[in-house]
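Please build the complete structure, drawing on both the sequences and the hints.
Taken in order, these protein sequences are the chains called A and B. Residues in the first sequence are numbered consecutively from 1, following our numbering. Residues in the second sequence are numbered consecutively from 1, following our numbering.
Hints in this document: simulated from the structure, not taken from any laboratory. Misleading hints may appear alongside valid ones.
Stated by the list, open to error - Here are the computed lysine to aspartate or glutamate pairs in the EDC-like style, where the Cα-Cα straight-line distance is at most 16 Å: (1) A:124 <-> A:214; (2) B:90 <-> A:22; (3) A:124 <-> A:22; (4) A:118 <-> A:214; (5) A:31 <-> A:44; (6) A:7 <-> B:84; (7) A:7 <-> B:86; (8) A:117 <-> A:22; (9) A:118 <-> A:30.
Quantities reported herein were computed from a predicted structural model and do not represent experimental measurements.
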Amino acid sequence: MPEQPYKRPPITEAVIGIRFADPIDSATLDKVASAIKPLYPREDILKGVQFQMRLDATLPTAPQSIEQIGYRLSSPDQTHILILMPTPPSLTMSQLAPYPGWDQFFGRFCRDWSVWKKSVGYIKITRVGVRYINRIDIPMVDPIVYEEEFLNVYPHIPEVLGPMMQYSVQTQSYISDIECVLTLNSSVVPSPLIGHRSFVIDLDIGKDSPPQNDTDLYDLINRIRVAKNRVFEACITNRARELFEPWLE
Amino acid sequence: MAGVVVHPQMPTVLGPTVLPGVEAFGVEANEIARLIAKLRNEPSPASLRSTPRLAPNEQPLETRLFDALAAVKILTAQVAMHLDGEWRRKLFAQLDSLHDPEEWESGDEPVSQSSFATFLKAILSIRPERRPGLGLSHSGNLIAAWTTRRDRLTIEFLPNDRVRWVLGRYHDTEEEPARYAGHTHVSELVEGLSPHHPEHWFSDASKNHEPS
Numbered sequence: 001m002p003e004q005p006y007k008r009p010p011i012t013e014a015v016i017g018i019r020f021a022d023p024i025d026s027a028t029l030d031k032v033a034s035a036i037k038p039l040y041p042r043e044d045i046l047k048g049v050q051f052q053m054r055l056d057a058t059l060p061t062a063p064q065s066i067e068q069i070g071y072r073l074s075s076p077d078q079t080h081i082l083i084l085m086p087t088p089p090s091l092t093m094s095q096l097a098p099y100p101g102w103d104q105f106f107g108r109f110c111r112d113w114s115v116w117k118k119s120v121g122y123i124k125i126t127r128v129g130v131r132y133i134n135r136i137d138i139p140m141v142d143p144i145v146y147e148e149e150f151l152n153v154y155p156h157i158p159e160v161l162g163p164m165m166q167y168s169v170q171t172q173s174y175i176s177d178i179e180c181v182l183t184l185n186s187s188v189v190p191s192p193l194i195g196h197r198s199f200v201i202d203l204d205i206g207k208d209s210p211p212q213n214d215t216d217l218y219d220l221i222n223r224i225r226v227a228k229n230r231v232f233e234a235c236i237t238n239r240a241r242e243l244f245e246p247w248l249e
Numbered sequence: 001m002a003g004v005v006v007h008p009q010m011p012t013v014l015g016p017t018v019l020p021g022v023e024a025f026g027v028e029a030n031e032i033a034r035l036i037a038k039l040r041n042e043p044s045p046a047s048l049r050s051t052p053r054l055a056p057n058e059q060p061l062e063t064r065l066f067d068a069l070a071a072v073k074i075l076t077a078q079v080a081m082h083l084d085g086e087w088r089r090k091l092f093a094q095l096d097s098l099h100d101p102e103e104w105e106s107g108d109e110p111v112s113q114s115s116f117a118t119f120l121k122a123i124l125s126i127r128p129e130r131r132p133g134l135g136l137s138h139s140g141n142l143i144a145a146w147t148t149r150r151d152r153l154t155i156e157f158l159p160n161d162r163v164r165w166v167l168g169r170y171h172d173t174e175e176e177p178a179r180y181a182g183h184t185h186v187s188e189l190v191e192g193l194s195p196h197h198p199e200h201w202f203s204d205a206s207k208n209h210e211p212s
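This is the structure:
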């Protein structure tokens, strides 16, 4: 049986993100982008502009703008994406569907992290986050899909209001065993499939002031992954699981 | 939550929410907005795109073609869990071939995202066993064609979930094919084709009758 429980996992995007304490200058980012380019042939420049404005009327008023350059690197099929940004200083690795499983995904992170460290050296890490965006496509047998038959996360409203056409739930919780904060967003989204109603469950689990050495960092990310699976399974019902075609044990 | 009848239903294993519940609604509106904003996850990396310095028609051809391809591959990722891996890989090969810069006709438009979204909806609705041949209209609409013997079915995938289809089918010894056409919402495509036995083109059995 493969390491993931479903033949058709509903993951549309998986992300591991690292944020740093200090700004990263453009020469350093250029160096990383150049070192990692063989792994991500497509390179796009991301631009951001920061404005510095003086609010004191007695001082010169001309605002100064600083152009910030980041990189969006990607594979030819666009399933592997790496974002390098100077502000906020960060490295973000993304996997679009089809999701290949944790071993491959985490392996790619370790590979890219190694390239990053060789190019940049040590910069203090201020946050580590793992995010999984899942979309659950439910076939519409009836005009109304009762989300509670598939999900355990949904708004509860009085019956007199009738079925919900749209909703969005946003929560934040503390996961004590890994000392991380879970941000959960769930909503109805337009379905890309005919005759379906689709719901997103977007789970972001992050930790501020994470460990700085690789062994503990990797351990934390793996523990976040376990927690993420636990949270996701808690958010869905068996009827939803059937849609993802569980592997038979 | 006494006295409150509207609240999010959460699995108990997630524990209490960190943010105050009822109490938070007593503070100023901007504080509520700030808390809601804090809860929102950031835009996903896949949604981050570069802002081109030039208008699309002023960009180098290769950039335009690559950007169009990248956009539709990201769209495909949205439904990749419903697609067979080999089917997806061959689809990308067809799209890459259609956008070969060396074969590109100046004045043509690369595949439009909106047309491609219609294509994905149609394909996931029809689920044909046989892969279609693909082409592009001058305006960037994707066109799929299936041929069985002399019979041909062509579907143009238009923006905004519209499809235009035409089929020609020879009966017995007739010299001219019977022709039928439709222009519908993509959700009505299967129904529109069904009187014409579309399995004649879509099923693997019909593959043996492909023209050589």
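Status of each hint after checking the structure:
no.: 1; hint: A:124 <-> A:214; result: holds (12 Å)
no.: 2; hint: B:90 <-> A:22; result: violated (44 Å)
no.: 3; hint: A:124 <-> A:22; result: holds (7 Å)
no.: 4; hint: A:118 <-> A:214; result: holds (13 Å)
no.: 5; hint: A:31 <-> A:44; result: holds (15 Å)
no.: 6; hint: A:7 <-> B:84; result: holds (11 Å)
no.: 7; hint: A:7 <-> B:86; result: holds (15 Å)
no.: 8; hint: A:117 <-> A:22; result: holds (14 Å)
no.: 9; hint: A:118 <-> A:30; result: holds (13 Å)
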